[in-house]
Structures are given as structure tokens and as C-alpha cells.
Amino acid sequence: MTRPHRRVIIATAALLLVAASCGNATGTAGNSSDKKVKAPTDGGEANRKTHKVISGVPGVSDKEIAYAVVGTKQNNPLGTCILDCYLDGIKAYFDYRNDQGGIYGRKLVVGEVTDDQLGNNQADALAITSGNKAFGSFQAGLLQQGWGELNDAGVPTYTWGIDGTSAANRDAIFPSTVIGCPDCTRRVVPYVAMQAGAKHAGVLGYSTSQNSQLCADSTGASFKKYARDTGVDLAYLKDDLPYGLANGIGPEVTAMKKKHVDFISTCFDLNAMKTLAQELKRQGMSDVRLYHPNTYNQKFVQDAGGLFEGDFVDVQFRPFEAATNTALTAFKKWMGKNNSDLTELAMVGWINATLAYDGLLAAGPQLDRAKVLAATNAMKDFTADGLISAIDWSTAHKPYTQATRSKVKDLECGTVVEVANGRFRQLGSKDKPWLCWDSTDLTWSKPVPTNFD
Amino acid sequence: MLLGASAGSDLLRALIQGTPAGTVYALLALGLVLTYKTSGVFNLALGAQAYVSAALYFQARVTWGWGIVPSLLVSVFLLAPAIGWVLERFVFRHLRTASAVAKLVVTIGLAVALPALFDLVVGFQSIAGQTPVGIVPGGATVFYDPFGVYALSRNELTAVAVAALAMAGLAGLFRYTTVGLHMRAVVESPRMTELNGIRADRVSSFSWALSSFFAGLAGVLIAPRFNTLAAPDFFNLVVIAVAAAAIGMLVSLPRTLAGGLGLGLLIAVFQTFLPRWSDSWPWLNTVRQNITPAMPFVVLFAVLVFWPAIRRSRAASDPLAGVDPPPPALASLSRSRGLTVATRAFAVVFLTITGLTVFFRADASWTFVVTQAVILSLIFLSITVITGLAGEISLCQGTFAAVGAFASFQLVNHMGMSVLVAALVGAVIASAVGALLSLPVLRLGGIWLSIATLAFAYFFDSVMVKFSWVGGGQKALEEGTRLPRPTLGPFNMNDNRTFLVLSIVLLVVVAFAVVRIREGTIGQTLRALRGSELGAQSIGISPARARVTAFAISAFIAGLGGALLAIHQQNVNYSSNFSPFASLFWLVLVVSLGARTVEGAMQAGAAFGLFDAVLLKGAIFGWILRSPERIPSFFPLSPTWTYVLFGLGALQFARHPEGLVESGKRRSTEKVEQWWAARHQGVEPAEQAAEPAEPGVIS
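So the protein sequences, as listed, match chains U and D.
Under the working numbering, the final residue of the first sequence carries the number 453; numbering is consecutive throughout.
Under the working numbering, the final residue of the second sequence carries the number 699; numbering is consecutive throughout.
Worth flagging that the hints you see were computed from the coordinates, not collected in a lab.
Source: prediction; values computed, not measured.
The beta carbon of each residue, even a glycine, is placed where N, CA and C say it ideally should be.
Treat the hints with care, since some could be wrong.
[What the hints assert, rightly or not] Below, a list of computed lysine to aspartate or glutamate pairs in the EDC-like style, where the Cα atoms sit at most 20 Å apart:
id, chain 1, residue 1, chain 2, residue 2
1, U, 281, D, 145
2, D, 617, U, 84
3, U, 380, U, 112
4, U, 258, D, 145
5, D, 466, U, 84
6, D, 466, U, 217
7, U, 38, U, 240
8, U, 133, D, 145
9, D, 617, U, 112
10, D, 466, U, 112
11, D, 466, U, 42
12, U, 133, D, 363
13, U, 257, D, 145
[To be verified] Listed below are several chain U residues computed to face chain D (Cβ distance under 10 Å; list not exhaustive):
id, residue
14, 84
15, 248
16, 425
[To be verified] Residues from chain D that keep clear of chain U, each with C-beta distances beyond 10 Å, as calculated:
id, residue
17, 61
18, 74
19, 127
20, 172
21, 272
22, 343
23, 369
24, 419
25, 421
26, 424
27, 488
28, 615
29, 667
With the sequences and hints as input, model every part of the structure.
What follows is the structure, encoded as C-alpha cells:
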């Protein structure tokens, strides 16, 4: 046998040996699921001022409970205010609670604030898990690469509701909006189309964003499912548009015009909504009413100069235009005290901070991360004091599908505002801003106006 | 019926829709051809130049509140030509004798650096809701419908008119003016032109200024089509312009014009008719969903691969192609034995101390970042093979890495394969893709090969990733492209340190293999081919086989690295790891630091992985001052600096084709040897290091 042949054989044998001993790791040493504890019973408002000495818990000192905040600022391709606006909401909530004496004799503080610069989310998450400075984490990054690390380390992590996939099956991740079933039909959009007197609906989405494509497909399925009941059929669906609409959207609008589309629901960012509205105007379809998922931005709508008049905008929380409640009043007051703008992301920060506080309160004065997780995951009716529709955290982490949704007891709710004279106006009751359906009964019915106070 | 009753009006509508975009593509393509004709530079930075003008115009109009005329004057009539003039005067004039490929690398560096530099200097940032404005009042809100079929906005009509005027002006310049005549003469023969008393340099400067003006004008005209201004969109534009320029063979202005216009129309026609055709033939639906955004890249790839005339143009545009002198010997091969031993001992000590520090002192975050740098070094070794050894510029290394990562994801999730075995199989699949790709493109050589690989990267990005058997489809949309960490016997790689050790072991194995390849038959064959292809053929070397082998090996390494990166991050993370733009930056980084050596790839990996964390965030100052609280307040610096510094670093490529690391190593070796010889008089200095390569030698 020649020398090279011998080498090849030895290398192959070594490779085969390595391959034979290979496997796939499951879970991690620090997986939060390994550290599950029973939900504490000594929490609650009565013990809020009880101070107990706590040692060895990251981010907790005798005077403070510190949280890390990570979000995208630089390299943000959307050009939207994310990290700063999100931070405004968290700080305002902490100020509000600290003004009441804090919790367990400690102040809530924002510790390290990190700009993940779009691509560093995973490394930044690891800095939190390996550091000893933060009890929990707030996350508003455009890419959610680090959520798995935070979950595995059992760090209570409160996030914006941008990506259901990254939050799924992770019981330490608490998004402001739960996307439990990305492919499920929802009645709110067909209902709004029906209210607008539409007959033929179009649905548009991006192919480059998983959320956008899933959103478009499920909205299309919703129109199809309830076409007979609402009188609005799905005339056009396109879920593969390139992000940013660099080639414009002329052919798609032409196709919709031919199909007499009079209502369009999209899964676009607000910039693309402007492009779409301009193209509709160009092709003489200005009277087509749009359903916006991401345009709850008063300044943007006003600056568009009537382009969005009569359109509908989805809102992820109790709209600022709804009848105020205690939480909304507090939000406006404390945001005002900090001279911060009332933005969507600020409200998301406030909602996240509310859950962080409620988790601490439920965990009791001798708290640690595992107790807070257990206490939070035992909450069955979290509404951020009436700012969002109810979330059952005991089931919310587990995603389900249209096929299995009948087994999941949940409410299907949405809240929508309408653009009138350049300003937002609550659609439906101001006192009961949510339109809700029972998700276990998928037959068509009128929505139940609901208030989650 | 295929087209139905309204097909005529639909076709007319599509043509009207495609005209504004087509004219702007043509304008940009003309700029590309103009530069290439007069200076031999295939300027991939033209999109960056267009972006800078568009962004300045936008900034002036919206942020500074300037009027249309002053904004236009400053951004298009002053800044754009000035950029062209500066680039010619201070960069490309000195690269006249460099090879076309070396110039291409420099333009890629500029494409990376220019937008980043502009954003930093001007403080430009796109803001949601602030869409770019046109050059006429009411540009986006006033419409005209001359044919009663489709209304064009005032912006679009203006774009068509201005572009047509600019093109007519260019034709007139060439045809009727002395400057035009001089420009044509310089194209024909720069030396003969100079003998006739014409300053070829000045003519070249003028050409650069003019092409840059075209780019700036195209940028400002097309900007209102975008929601927000972003440099990558403008780079995509230049790829479309490259397709148009390829149709014009890089020399014919009329054909380039037709190519740009034709592409704009073709895209609009497909967008109009594919949905209708797919109603009749459902199988077309898959094509419709994926092919439309990829149209320019398909056209570009098809033109390059199937148009034989392109291959002939190689010899015409690059007369020295194929007769490059061999690159100089590596510094490590020409230094004395004593210095080699000392250097290696230092390296071993340094790496051991660093490794132990990371292993025992670093927290999970730093371990993660260092592991990432190690894996990137492994991926960058693929560039060492294809560029450093084979002398070819591949712009799709990120795509090969993505193939490895996606293949691993599919094998693990659908076949339950062990993730490490899947990574190896993924690398083999990437290798097969690399070999297959090389078959049609290897005859192109030079810049055309690079452009073909770029087209492939964009095609993969806009078409292939969408297929469920590649990117995971609906399941991946719902559940992500997650990958587990491996176990190896008793070792569970969920532990970041253990995974770091595995990554280092794999890096060492691949690095050793690359060194063996370089010194073995394959390396010698590739070196012979670079010296003289004809000469190599005369001694029985098959260029095709050698290049296919190089592509296959390079793709294997990239695929393995890509899979490893995905396993490290436990997710493929395609868009943030493997986009075509990432490939460009990888190349810039590696060739700047040294594409011929393993050290160059490792230093590039370290730079890519650690530059931001160590330098820009100021961590190094925290270590020196022994407290993170003492880091100066101006940290962290913007991550954009990474693009600026390494992009501009690529400017050194043509001067130091061996890379900054190898160049520095050669110089320091010479100095140390001289110092040593001086201290020990009577002892002859060790064999002097070889002279640096002539500018233009691809190393």
C-alpha cells in the first residue's frame, strides 16, 4: 500500500469514527425549562413594600432591581425610531412605579442599554446571560437572534411582538403581542372590509419577511373563509413582493383594478403603504380603502397629506384615541413628565415593563429569576392594566395552527382606528375598543365590543 | 387564448411602466461603459456614487430645507463629478497598469466604503416615512396619461426626459466636440494620443467626472422609486446596469442604452403577464413568484455564459490577460531559518496565551464573538484558495457558505442526521454547486468570471432561497431555520467553550489542508496557470480541470464554514450572514489583509469578528485601563467605520496585491534581516525577500 493511500484510509477511518460518535445536543445546561419552580404564593400588593435581603440574584441589590435593554438603533433599514422610543416607555413606567415607592424596597432601574446594530443581538444577549448586572432583559431588536440564549439561561425577557417564530416554545420570552397562530384566520379584517362596504378585497405581502408572508396568507384565507358571510371576496393575493417595493407596485395595482378591488389589506411597513397609496392614486383608485398593519403614527399620516384618508389602521394596544383608563392616563402622564413622544414603541416598552413589574409582584419579596418566570407563566389574564387584550401566559408560549386552534381557548381580538381629516379616530366603541370573537367557534358572528380593564 | 383580448393594451401599459426605470438603468449603464472604455476600470462603485448624490440631494432638500436648484447643483453638478475626478486622480490613475481584476477589487472596496463614509460625514440616516423627493415640484402627486392606458408621474416623466437629454448630450459630445474626439482617441490608444500632444490623463479625468455625473443624475432620478434611501438598493441597481452594459459588450453605447431600456421593459412585461400565464399553467406560478425580482441577474448570467462574443471581448479589453508574471514568493519562504523559528515561536506563544485567556477568562459573550471569528477565518480560507491560489475573484463565497448552512438545516430537520455529519455533507453539496457553477463560467475568466459569480449570488438570493428544499419554505417561515449544537462522544457542544475548541480544531485542519494544497500538485498547477495559461497547457495541464477543482475546494471550505456558523448561531440567519453584499465585504476584507496566506484569512476573520467589539466599542481601552467604566465617553464608535476602513483598505490591493499583512511581513522581515546582518558584521544577510509584485499582479 502506498503512503498516500494509507493516509486516505486513516483519514477516512478517523472521519467515520468521529461521525459514529456524533449526535445532536438537546436543550442546554441553562435551559429555563430545567429550572421550573412552582408559582410562588407569597406575592401580591400586600407584600409590595416588604424588603428582604436577597443575595446571588443577578441585577438585584438592596436598593435596585436592574434590567438590561437591547434594541436596534444603528443600521436600522426601516429608519424608524426603535430603541430610543422603546426605552422611553420602559423608563416612564419605571418612574411611575418608583414614584409609588418601587417594589420590595427597591427601585426599578434601566441598567445597561445596548444598541445591537442590527446584527449583534446574539452576542449582546450572551453579555446579559454571562454578566451579573441585569435581572431581566427588554428586547426590541429587528433581528431576534439572541432570544434563544436568554431563554435558555432563564433570563426573564420582555420583547416587542415582532416575531412569533423567535418567541415560540420559549417560556422565558414574553412578547407584547403574542402571535400564537401565524396561519390562523382572523375575522377583524373581513369585518372592517364589510363595515367599509367593500365587495372585493386584495391582500399584499412581502416575500422577504416571514411575518409579512404569513400575515398576507392568513389574511387571504380569512377573506376566503368568511366571503359568504361578509359579502367581501378575495379577489387578489400577492405575498411575494420584494421588500421596499423597489420596482414599484404598478402591475399589481393594475391587476387589482381589473378585478375591481375596493379594499386592500397589506402586511407592509409604513413606507410601502405610501408607495401603494401613491400608485392607487396614479391609477385612479384613490377611493380604495387600505388596511394598515404598521402605520399607527400620527405624524406620518398627517405628513402624507390626505393620501390615507378613510383608511384603517391596526393597533396592537388600547389606542390613544379610545376612552382613557387608569393605565393610559398614567402612560400619558409619565411620558409627558419625561418630555417623550407618545409612540407605538414607547407603548410597547410600557406594556413590557408592566409585565416585568407584575411578575416581580407575583413572585414575592424573596425573588429570583425562576420565581418570576413561574409567577408570570401562571398569569392567565394579563392585560397590562387594560392596555392589551388578555394573554394567558400558561398557554401563550405554545404555538398552534388553524387545524388545532379549536382546542385552544382564546379570544380573537383586534382594535382598529380610522383616518378622518388626517387624524386617527377609534373604530367602534371608544369605551370598548376591542372587537372580539370566540376563537373556539370559527363560524361568522358579529364581534363583541370589549374592554380589558 | 394566451394573452386574451386586452393583451395589446396590457403590453402597452407594461412598456409605459417599464420605460422610466429602463431609462435610468440605461443612464447608469452608460456611466459604467464610459469609465470602462476610457480607463479600463469596471466600476462597481458606480451605485455607491449614485447613492451619495441621491442621499445628499435628499438631505439638502428635506433636512436642510434647500430648494431644488441648489440641491441639484451641489449633489449632481458639483459633488458627483468631483467624486469621479478624485477617484481618477488619486486612485485609478496610479492603477493604469494594474490588471482589470485588481481594479475591480478596488471598485468593490469603494462600493463598500463610499456610502458608509458619506453617512458618517454628513450624518445621513434614512427616516421612516420620509420618502425621497424628485427634482420637480409635485413629482409624486401629479400624473399625466397621454395614451389613456397608464399615467406617469411628473417625477417619472422628468426622469425619462432628463435621461434622454443626457444621453443625447453624450452622443453629441462624442460626435461633435473635440473633447469627445479626444475621449474616443484615448479609448483607441492612450499612448498614441499622448504622442499627438493630448494629455490622456486629463481626458481620463474628464471621462470619470462625466460618468460620475451620470451616476449622480441616475441616483437622484431613481431615488423617488424607493421608500427609503439605502445603499444596498443602489448596489442592486448597478448590477442591473452591469447586465445592460454586458449586452453592450462594455464598448457599445447604443447597445448599452438598448440593454438598459430593454431590461426595464422586460421586468415590467414579466410582472404584467406572468400572473396571467400562471392562471393557465399553474407550474408557472412557482416561476412567477421567484423569477421576477431575479430577472436582471438571470439576464446577466445568460449573457455572460451563452454569448460567445463576451469571451472574445476578454482578450480585447485585457491584452495582458493570461501572461501575468508569477506572484512573488511568500515572505515566510524567503526569510532565514532563525527568523522563521523565532516568528513561529512567537506566534505559538501569542496564540496559546490568547487562547487560554479566552478559554478561562472570557465570558459567554466574548467566547461567542471569538468563536464567530474562528469560523469566519475558516470561511475566508475559501477565498485564499480561489483568489490567493487560483487568482480568480469569486463574489459568491457567501452563497456557497449559505448552501452548506441550508443543506445542514435540511438534513438535520428532515432526515434526522447528526449535525456534524450534516455539515460535512453540506460542504460536499456546496462543493458540487461550486464545481457546477465553474463549468459554464470558467471560460470567461477575469472580470467576467467575477461578474458571473455576482449574478449567481443575486440569483440564489432572490430565487433559490425561496424554494422550500433550499430555504425551508413555509415550515421555516413558521419555525425558523434552527439547528442544534452537536455532541461528540462525551462532549456536549452546547457548552460554548467546547464548541470553540471544535471550531479551532476544524480551522487548524482546514488551514493545514490549504497549506498542503498550496504546496502540492494543485497549488503548483494553479500557479502555472496564473503564470501563463498557454504555457501550462503546453505541458499538459488542463485549465478547465484545475479551475473546476479550485472552485470545488473553495466551495467545500465555504460550505463547511457556513454550516459551522449556522450551528454556532443555532440558526442559518441567511440574510444577516450570507447576503450577496456580505460576500463582497468578505472579499474586500481578505484581499486587503492577504488572500494568499492562511494568516491573511485568519486576520480577516479576526478583523470581521472582533473589530467592532474590541476597537469600535472601546473594549480594548477597558482592558488597558482595567475597568470598563474608564472607556472614553466617545465610545462606542459607529459600526459603519468598519466598512469605511476595510473598504478603503482594498484600495491598497492593486499596490500590494499580496495584502497588507503579507506586505508588512515582507518589509519587517527585510528590516530584521538587515538589522541582524548589521549586528553580525561579516555575516551575509539572508536571502533577500523577493521584490514586491508589479502593480496589477493578482496574488
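For each hint, the structure was consulted:
no., hint, in the structure
1, U:281 - D:145, "holds, 13 Å"
2, D:617 - U:84, "holds, 19 Å"
3, U:380 - U:112, "violated, 31 Å"
4, U:258 - D:145, "holds, 18 Å"
5, D:466 - U:84, "violated, 34 Å"
6, D:466 - U:217, "holds, 15 Å"
7, U:38 - U:240, "violated, 46 Å"
8, U:133 - D:145, "violated, 63 Å"
9, D:617 - U:112, "holds, 14 Å"
10, D:466 - U:112, "violated, 38 Å"
11, D:466 - U:42, "violated, 51 Å"
12, U:133 - D:363, "holds, 13 Å"
13, U:257 - D:145, "holds, 16 Å"
14, 84, "violated, 13 Å"
15, 248, "holds, 6 Å"
16, 425, "violated, 20 Å"
17, 61, "holds, 14 Å"
18, 74, "holds, 23 Å"
19, 127, "violated, 5 Å"
20, 172, "holds, 31 Å"
21, 272, "violated, 5 Å"
22, 343, "holds, 28 Å"
23, 369, "violated, 5 Å"
24, 419, "violated, 5 Å"
25, 421, "violated, 5 Å"
26, 424, "violated, 8 Å"
27, 488, "violated, 6 Å"
28, 615, "holds, 14 Å"
29, 667, "holds, 35 Å"
The structure fails to meet hints 3, 5, 7, 8, 10, 11, 14, 16, 19, 21, 23, 24, 25, 26 and 27 from the earlier list, while all remaining hints are met.
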